[in-house]
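Counting with my numbering, you get residues 1 to 151 for the letters of the sequence shown.
Just to be clear, a hint being listed does not mean it is correct.
[Claimed, not checked] What follows is a set of in silico ranges between Cβ atoms, one per label pair, in the way DEER data are often shown:
hint	residue 1	residue 2	range
1	Leu88	Val130	46 to 54 Å
2	Val130	Met44	21 to 29 Å
3	Glu48	Pro13	47 to 55 Å
4	Arg35	Val130	58 to 66 Å
5	Leu121	Leu59	42 to 50 Å
6	Met44	Val141	31 to 39 Å
7	Glu7	Leu59	21 to 29 Å
Calculated from the structure, these hints are not laboratory results. Here a beta-carbon is modelled for each residue, glycine too, at the ideal position from N, C-alpha and C.
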Amino acid sequence: MEDGVYEPPDLTPEERMELENIRRRKQELLVEIQRLREELSEAMSEVEGLEANEGSKTLQRNRKMAMGRKKFNMDPKKGIQFLVENELLQNTPEEIARFLYKGEGLNKTAIGDYLGEREELNLAVLHAFVDLHEFTDLNLVQALRQFLWSF
Numbered sequence: 001m002e003d004g005v006y007e008p009p010d011l012t013p014e015e016r017m018e019l020e021n022i023r024r025r026k027q028e029l030l031v032e033i034q035r036l037r038e039e040l041s042e043a044m045s046e047v048e049g050l051e052a053n054e055g056s057k058t059l060q061r062n063r064k065m066a067m068g069r070k071k072f073n074m075d076p077k078k079g080i081q082f083l084v085e086n087e088l089l090q091n092t093p094e095e096i097a098r099f100l101y102k103g104e105g106l107n108k109t110a111i112g113d114y115l116g117e118r119e120e121l122n123l124a125v126l127h128a129f130v131d132l133h134e135f136t137d138l139n140l141v142q143a144l145r146q147f148l149w150s151f
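All chains, full assembly: derive it from the sequences and hints.
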């Protein structure tokens with residue numbers, strides 16, 4: 001037993017050397033892990049400080065918006081409801097249509113499902129959605145292609 005570390009007696013000199021290299025590398029890695037923990041701790045403190053100021057409101061809004069998009073992609077009606085309840089979207093056909101038209105992070109099939117509902121609000125959103133498209137100077141095929149590509 002050398003320096004309080006157990007060493008099996010039946011090791012060859014090469015195995016002893018390899019064991020020593022492994023122990024040395026282990027020690028280096030432990031030091032590196034500790035350094036990374038300290039670095040991570042400092043970074044987390046900085047992040048917490050940033051979240052404490054005005055940026056946190058925007059960050060929180062962006063997180064809720066991302067959650068709303070995910071909900072929309074799973075169930076369009078519930079996603080719109082979530083966005084309206086969290087005041088991220090106004091409950092007007094024009095605002096909902098603009099949200100769908102931009103389509104950032106939205107599944108086109110989910111957009112089509114929402115626009116295809118036969119409820120009064122959905123039909124009003126569909127009309128507002130159509131109004132957002134610019135079909136001037138397009139022939140019928142081009143206009144249809146552009147429209148159908150949007151959902």
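Results of checking the hints against the structure:
1. Leu88 with Val130: 46 to 54 Å: Check failed, 24 Å falls outside 46 to 54 Å.
2. Val130 with Met44: 21 to 29 Å: violated (48 Å)
3. Glu48 with Pro13: 47 to 55 Å: holds (53 Å)
4. Arg35 with Val130: 58 to 66 Å: holds (59 Å)
5. Leu121 with Leu59: 42 to 50 Å: violated (31 Å)
6. Met44 with Val141: 31 to 39 Å: violated (56 Å)
7. Glu7 with Leu59: 21 to 29 Å: violated (54 Å)
When the structure is compared with the earlier hints, violations turn up for hints 1, 2, 5, 6 and 7 and for no others.
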